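Visitor: Line order of the protein sequences matches chains A and B.
Every position in the first sequence, counted from 1, becomes a number in the numbering used here once 347 is added.
Every position in the second sequence, counted from 1, becomes a number in the numbering used here once 347 is added.
Calculated from the structure, these hints are not laboratory results.
Since this is a predicted model, take the numbers as computed values, not measurements.
Certain hints may be false.
Just so you know, same-sequence chains aren't split out, so a pair can sit in one copy or run between any two.
Said to hold, decoys possible - Distance condition first, Cα-Cα at most 30 Å in a straight line; then the derived BS3-like pairs of lysine-lysine: (1) 349 <-> 398; (2) 376 <-> 464; (3) 395 <-> 369; (4) 369 <-> 464; (5) 398 <-> 369; (6) 398 <-> 429; (7) 398 <-> 376.
2 protein chains.
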Amino acid sequence: MKPNLIVMSHGNFCHEIMESTKMILGDIKGYETVSMLDEEGFEITSRKLEKLLGKLGENKILILVDLYGGTPFNIANIFLQKNNNIRLIAGMNLAMIIEYFSSDIEDMDILINEIIKAGKDNISIPILEEDNDIDLDE
Amino acid sequence: MKPNLIVMSHGNFCHEIMESTKMILGDIKGYETVSMLDEEGFEITSRKLEKLLGKLGENKILILVDLYGGTPFNIANIFLQKNNNIRLIAGMNLAMIIEYFSSDIEDMDILINEIIKAGKDNISIPILEEDNDIDLDE
Chain A
348 MKPNLIVMSH
358 GNFCHEIMES
368 TKMILGDIKG
378 YETVSMLDEE
388 GFEITSRKLE
398 KLLGKLGENK
408 ILILVDLYGG
418 TPFNIANIFL
428 QKNNNIRLIA
438 GMNLAMIIEY
448 FSSDIEDMDI
458 LINEIIKAGK
468 DNISIPILEE
478 DNDIDLDE
Chain B
348 MKPNLIVMSH
358 GNFCHEIMES
368 TKMILGDIKG
378 YETVSMLDEE
388 GFEITSRKLE
398 KLLGKLGENK
408 ILILVDLYGG
418 TPFNIANIFL
428 QKNNNIRLIA
438 GMNLAMIIEY
448 FSSDIEDMDI
458 LINEIIKAGK
468 DNISIPILEE
478 DNDIDLDE
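Input sequences plus hints: build the corresponding full structure.
Guide: Structural data, given as structure tokens:
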């Protein structure tokens, strides 16, 4: 079975990136979001994640967070260090979320490598079209 | 002068990633967002971007979009091909937005390389802490 997905961020970014994913992939299921809202800090967000992990039990869990070294990352990292069933990737973008849902891979390490590759490959600039108006006098 | 920043996405992802940025950097200015909402398609979103570009005039403009090959990307790419003052990076994540605001670099090519590097570097897994409970009998 594929790991369950938890998407975590400063603010509602994690919620909205999932809404964007639905605009592309249609209705998707099997994920949870943890938003660290403005008035919430480490403690409250930590309890939100703890409650969610309690609900998911012994399932394999993949957590995607918005920023390496940010508070959501630090919170997820604490649970990661204590639980063998949890894995964590920072720096999420839309391509990584789409890769998670598009992939059939169940092996956590291979899936993580695929998601990281998809995310990094997507960060790119477009190829400029050839200029067809070349001035032959120059 | 640094280029103006436009952040574009499927849905309100672009708005929320800026709200997350403010949670980290405080109040920031000098950017615009273009959301392609559910009921909007290529045409309406294209007109939204066109109107914004008209407002910004001859300024250098850096557009960050959510996904290479997605509709916001395709729209921005059309304007990019026609305007020398516009540049485009796909696959945005939070580290890329933070890099834009943290950087003092005004040269567009150097700034773009820095933003791409920041985005890719941030996509990573945490280092597992050393296990201090090594069983010496094993």
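Visitor: Which of the stated hints cannot be reconciled with the structure, identified by number in ascending sequence?
Guide: Of the numbered hints, all hold.
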